[in-house]
Amino acid sequence: RKEVEQDPGPFNVPEGATVAFNCTYSNSASQSFFWYRQDCRKEPKLLMSVYSSGNEDGRFTAQLNRASQYISLLIRDSKLSDSATYLCVTYTGRRALTFGSGTRLQVQP
Amino acid sequence: EAQVTQNPRYLITVTGKKLTVTCSQNMNHEYMSWYRQDPGLGLRQIYYSMNVEVTDKGDVPEGYKVSRKEKRNFPLILESPSPNQTSLYFCASTTLPGAYGYTFGSGTRLTVV
Numbered sequence: 527r528k529e530v531e532q533d534p535g536p537f538n539v540p541e542g543a544t545v546a547f548n549c550t551y552s553n554s555a556s557q558s559f560f561w562y563r564q565d566c567r568k569e570p571k572l573l574m575s576v577y578s579s580g581n582e583d584g585r586f587t588a589q590l591n592r593a594s595q596y597i598s599l600l601i602r603d604s605k606l607s608d609s610a611t612y613l614c615v616t617y618t619g620r621r622a623l624t625f626g627s628g629t630r631l632q633v634q635p
Numbered sequence: 393e394a395q396v397t398q399n400p401r402y403l404i405t406v407t408g409k410k411l412t413v414t415c416s417q418n419m420n421h422e423y424m425s426w427y428r429q430d431p432g433l434g435l436r437q438i439y440y441s442m443n444v445e446v447t448d449k450g451d452v453p454e455g456y457k458v459s460r461k462e463k464r465n466f467p468l469i470l471e472s473p474s475p476n477q478t479s480l481y482f483c484a485s486t487t488l489p490g491a492y493g494y495t496f497g498s499g500t501r502l503t504v505v
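Protein chains in written order, with the numbering used here: chain A, 527 to 635; chain B, 393 to 505.
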């Protein structure tokens, strides 16, 4: 079983739609959580950290449920430029980030 | 501009021919790390370094070596590359991985034939 699991998608949504991704993690010792965005063949870029109380950054909202060990990302009012792969990431204190395989989002005009 | 710089961006080589992928960061970060990315497997850590002369294995270290003689540089060495090391490689750095995540370089696409 992978330590961080994501639905690979693709999620095909029209512009303006709201889309949500979930991710589950198996290591209960995970301390920190992040969402990264990766465009095709490019480097991953930090989108946002995920806090226990939930946090928002513009159109993006991240939630963490420690009891059920899942993380979510909500994107409101999708833009064409949001098309990318979204990587769910955990940190367990071993100085390594553990990455999910990613969920691909395609926003269509 | 704050960045992590990797070279080369693309490399095709033959089995057994030693190669080095360079990585440099200008942010004075203590932590540096190498990841490889393969389809369906996501990003996996090869080696990391907490500071100068301090390195440790990640999840997939076999066939790789690293060194950290200076804070800014963290080269990845493949002494005898094999076709199963064909992959997309990323170098990354950070002050504190748990708090800030990693900043990644642009990647090196390596093909071993």
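Simulated from the structure, these hints should not be mistaken for laboratory data. Worth double-checking, as some hints may not be accurate.
Result set (PhoX-like, lysine-lysine): computed pairs, CA atoms no more than 25 Å apart in a straight line [as the list claims (entries may be wrong)]:
id, chain 1, residue 1, chain 2, residue 2
1, A, K571, B, K410
2, B, K449, A, K528
3, B, K449, A, K571
4, B, K463, B, K449
#### Entry: Hint check, failures only
The structure conflicts with hint 1 only, although it agrees with all the remaining ones.
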